[in-house]
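Chains A and B supply the protein sequences, listed in that same order.
When we follow the working numbering, the leftmost residue of the first sequence carries the number 5, and every step to the right adds one.
When we follow the working numbering, the leftmost residue of the second sequence carries the number 16, and every step to the right adds one.
By construction, these hints were calculated from the structure, which means they are not laboratory data.
Check each hint, because a few of them may be wrong.
As the list claims (entries may be wrong) - Subject to a maximum C-alpha distance of 27 angstroms in a straight line, what follows is the list of computed BS3-like cross-link-like pairs (lysine-lysine):
(1) B:K249 <-> B:K193
(2) A:K233 <-> A:K286
(3) B:K250 <-> A:K332
(4) B:K244 <-> A:K332
(5) B:K433 <-> B:K380
(6) B:K88 <-> A:K76
(7) A:K251 <-> B:K193
Stated by the list, open to error - Partial pick of chain B residues on the chain A-facing surface, computed with a CB cut under 8 angstroms:
(8) E19
(9) T236
(10) R452
Quick reminder that beta carbons are idealized off the backbone N, C-alpha and C, glycines included.
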Amino acid sequence: MDNRMSEEKNKLSFLSHRIILYVVLLFFLLGAALILLKERISIFPKGRLWYILAILLCFTALVLFGYFWILKPYSEFRDRIRRFSEGYLSLAELSENKVTLSPEVRELIESIGHVVSSTHAIDLSKRQAQYRALQNQINPHFLYNTLDGIRSEALLAGLDNLADMTEALAVFFRYTISKSENLVTVEEELENCRTYFKIQQYRFGNRLSLEIDEDSEDWPQILRCMIPKLTLQPILENSIIHGTELKLGEGITRILIEKTETRLIIRVSDNGVGMEEENLRKLNTKLNLREEDSSGHGENGGVALSNVNNRIRLIFGEEYGMHVYSLKDVGTNVEITIPVTTNEGMLGKRETV
Amino acid sequence: MKREVLRLERVTCKKANSVILDNFSLSITEGEIMGLLPLDTYGLDELLELLVHNIPLYYGYVYYMEKCINSWKNYHHSENPISLIDSESTLVNGMSVATNVFVYCSEFHNQVIQNEQLNGKLQPYLKDLELKIDPDTPVERLSQLDKIIVEILRAVISGHRLIILREISTVLPEKELKVLFRIMQYYTNQGYSFLYISLHYEEILQICTRAAIMLNEGIETILEGNDLKSDVGKKFYMDYYDSVIQKLKNADIRTEKIPLLEIRHRTEKRDSNISFTVYTRECLVIQTLDTNLFHKMADILEGNIESPNTEFLLEGKKISIYSSRQIAVLKEEPVKSMLFPEMTVFDNLCISLDHRLPAVWRNQKIRNTIRQEFIRVIKKDIFNKKISELSQTEKIELVYMRILLQKPEIVFLEQPYKGADVEQRRIICELQETLVRRGISVVILAVNMADSLAVANRILRIDSTMQIREYKQREFSKLPKNLPWSGLFRDEFSKR
Chain A
5 MDNRMSEEKN KLSFLSHRII LYVVLLFFLL GAALILLKER ISIFPKGRLW YILAILLCFT
65 ALVLFGYFWI LKPYSEFRDR IRRFSEGYLS LAELSENKVT LSPEVRELIE SIGHVVSSTH
125 AIDLSKRQAQ YRALQNQINP HFLYNTLDGI RSEALLAGLD NLADMTEALA VFFRYTISKS
185 ENLVTVEEEL ENCRTYFKIQ QYRFGNRLSL EIDEDSEDWP QILRCMIPKL TLQPILENSI
245 IHGTELKLGE GITRILIEKT ETRLIIRVSD NGVGMEEENL RKLNTKLNLR EEDSSGHGEN
305 GGVALSNVNN RIRLIFGEEY GMHVYSLKDV GTNVEITIPV TTNEGMLGKR ETV
Chain B
16 MKREVLRLER VTCKKANSVI LDNFSLSITE GEIMGLLPLD TYGLDELLEL LVHNIPLYYG
76 YVYYMEKCIN SWKNYHHSEN PISLIDSEST LVNGMSVATN VFVYCSEFHN QVIQNEQLNG
136 KLQPYLKDLE LKIDPDTPVE RLSQLDKIIV EILRAVISGH RLIILREIST VLPEKELKVL
196 FRIMQYYTNQ GYSFLYISLH YEEILQICTR AAIMLNEGIE TILEGNDLKS DVGKKFYMDY
256 YDSVIQKLKN ADIRTEKIPL LEIRHRTEKR DSNISFTVYT RECLVIQTLD TNLFHKMADI
316 LEGNIESPNT EFLLEGKKIS IYSSRQIAVL KEEPVKSMLF PEMTVFDNLC ISLDHRLPAV
376 WRNQKIRNTI RQEFIRVIKK DIFNKKISEL SQTEKIELVY MRILLQKPEI VFLEQPYKGA
436 DVEQRRIICE LQETLVRRGI SVVILAVNMA DSLAVANRIL RIDSTMQIRE YKQREFSKLP
496 KNLPWSGLFR DEFSKR
């Protein structure tokens with residue numbers, strides 16, 4: 005209650021200061037206008053009427069000027085600052101404003117931008133270096149040859165299951181490590197999901213099942229649409245680890261993809277253990293935050309979802325992304341919205357990661 | 016290819032620095048009936064305001080027919096082509112059906128209304144729906160169902176692709192609800208979409224293909240297919256279900272069969288005469304299967320109309336229902352219609368005490384006693400607060416406490432569960448039981464029984480021909496299957 009009262013007091017004092025400022029400015033300008041008009045009174049034939057009209061005109065112009073050029077842009081900028089401080093906007097979006105800022109404030113925003121982007125760049129290059137080191141250590145061709153060797157030996161020994169499993173693993177690695185494109189077709193991504201699920205089924209047996217709804221009349225077009233590489237597999241993995249694996253009885257994960265005029269809507273749902281309302285709220289809030297803020301919340305879980313969401317928003321814009329629905333003991337549903345894209349050229353000038 | 020009629024993408028709205036919609040995401044496709052089950056009512060009014068009138072967003076995007084119509088970046092105050100149909104009709108009384116239907120149309124600019132022309136335009140729509148509504152009839156003469164149909168027609172003719180129906184079942188009995196569902200199905204086949212808001216899962220099951228569960232200003236989950244049909248719905252009402260089941264287990268025939276109030280209504284037609292008795296310490300539910308009859312009964316009880324043909328006999332003596340303090344009436348949504356917002360809780364509480372304690376306004380001792388009693392029952396000290404400072408639940412408690420203090424013999428409650436969320440319904444249910452325990456007979460008047468079944472000892476169903484059918488608690492399982500709670504009675508009594 006005290007916080008609320010002090011907040012109200014602050015607001016009131018802020019408002020009163022602003023009103024005083026405006027009134028002083030108004031009187032000052034009005035006074036100046038009056039003096040000027042009085043000195044040139046002879047230009048008005050009937051004196052008083054024109055005099056009053058001119059004052060009123062000045063007054064209206066001043067009010068309009070104050071509202072449209074000062075108050076409105078200022079309040080919009082204030083709202084942007086508030087959204088930025090709560091994590092909804094990035095620094096780039098904060099700087100897109102109509103207010104003429106003082107050079108010092110502009111410099112301040114730029115220097116914050118440098119700090120944020122350099123930290124981000126360091127973080128990114130660190131992750132990239134780690135990834136490269138891992139890739140170099142693995143040596144993809146050596147890995148595939150070895151896996152092929154294991155598969156051949158397994159076939160010779162009559163261990164068909166082992167052979168299939170090794171093949172699935174080789175296919176999975178080939179897709180995740182070797183393929184360097186940012187965007188892949190839905191067909192390729194679904195194939196990778198099937199491969200990943202096949203590997204998981206060796207562990208869980210018939211306890212888990214994957215259903216991909218292919219009944220849509222637009223299915224051939226859907227398969228040709230482009231989505232960021234490794235969009236579905238991390239969600240599928242999440243659904244198995246945090247949902248169906250913990251469930252007693254059969255766990256079903258469904259992938260449903262729909263196409264509208266402008267969007268591709270992907271739903272990955274499971275009948276797993278679901279999550280508590282509080283956790284769901286935290287997860288969705290985290291997904292809604294800008295990249296710089298959400299990456300610092302890894303300890304609360306949902307890192308894979310956050311990464312997928314950040315990549316979608318970076319590639320396609322913040323209007324797109326991911327939202328999670330869940331109900332305890334009923335299941336979880338992850339919904340992804342992506343614009344309909346059939347080739348990378350359609351992305352235009354948008355920067356890809 | 017599917018087409019999205021509406022998409023709310025991570026919408027956050029704030030009012031006076033508090034969040035009213037939090038990360039709200041929802042999509043409705045063309046030709047779909049989407050259910051919305053609010054487990055609490057926080058943010059529901061604002062959501063509807065956002066959909067129909069566009070309110071500024073704190074964050075997020077709103078798309079209508081795949082075009083962005085509102086976002087945190089660009090806000091334009093404008094009306095959206097989305098219709099909201101509530102239990103309160105928005106038709107203009109005094110104007111004909113045809114005029115009401117075409118009033119929003121862009122071509123409706125003629126200064127002289129050409130009724131013949133409008134009627135001609137309307138007829139094909141009525142013919143398609145196989146309805147017999149006279150386009151010249153003034154709307155106030157229409158039944159509640161016809162009013163809702165006219166509102167749907169107005170939306171369709173105005174080109175609104177999304178129609179929101181909010182708690183319509185509170186004014187329509189089951190039979191009329193089925194007619195409405197048939198019309199909704201007809202228009203979904205034509206590509207129109209509906210957002211059907213109901214506080215009852217059983218009702219959503221009957222008509223919706225998908226259902227969004229709303230809790231704490233956001234969408235918790237979306238159910239479809241088998242998930243929607245399974246027993247998932249029970250999860251939302253678990254506490255409420257448990258309390259009702261417990262009550263049913265403990266309840267034997269509680270009613271002492273002493274007649275208290277007899278109501279006789281005579282008409283010119285002998286077979287239309289009705290008469291029934293309310294007994295002491297019972298909770299009687301009167302369900303009128305005709306909305307006009309419900310309104311007539313409510314008007315008589317509230318004293319809006321005088322009915323020389325209706326007699327009220329309290330313990331054998333004829334009484335005037337308006338002036339008698341032995342009979343109390345709680346109107347529909349009493350927190351809106353029966354509290355004085357600028358007065359304190361104490362003033363509102365004691366406003367009907369003058370017959371019992373004339374000195375209540377000047378005697379501090381009496382006031383303190385009332386205060387203690389009030390705190391003991393609702394376990395909160397809200398005595399000096401103004402009504403505007405109370406939560407919805409506190410307002411409900413206050414209204415019922417006023418009845419407890421007034422201590423009438425009988426209280427008539429008009430649609431007591433209308434607009435109440437799950438938690439509030441549980442509280443209303445408990446308060447009604449408290450009234451019965453304190454010796455006050457409770458008579459619930461309802462068009463749709465909703466949760467009344469959970470508290471009722473006896474039900475009277477009156478149809479449009481004034482025929483009464485009585486159901487005692489053991490016969491509740493014979494009530495129509497789609498009524499909320501009737502399934503519970505079937506389960507409970509089959510176990511016994």
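Hint-by-hint comparison with the structure:
{"no.": "1", "hint": "B:K249 <-> B:K193", "result": "holds, 23 angstroms"}
{"no.": "2", "hint": "A:K233 <-> A:K286", "result": "holds, 26 angstroms"}
{"no.": "3", "hint": "B:K250 <-> A:K332", "result": "holds, 9 angstroms"}
{"no.": "4", "hint": "B:K244 <-> A:K332", "result": "holds, 17 angstroms"}
{"no.": "5", "hint": "B:K433 <-> B:K380", "result": "violated, 37 angstroms"}
{"no.": "6", "hint": "B:K88 <-> A:K76", "result": "holds, 14 angstroms"}
{"no.": "7", "hint": "A:K251 <-> B:K193", "result": "violated, 39 angstroms"}
{"no.": "8", "hint": "E19", "result": "holds, 5 angstroms"}
{"no.": "9", "hint": "T236", "result": "holds, 4 angstroms"}
{"no.": "10", "hint": "R452", "result": "violated, 34 angstroms"}
Violation of the numbered hints given earlier is confined to hints 5, 7, 10; the remaining hints are satisfied by the structure.
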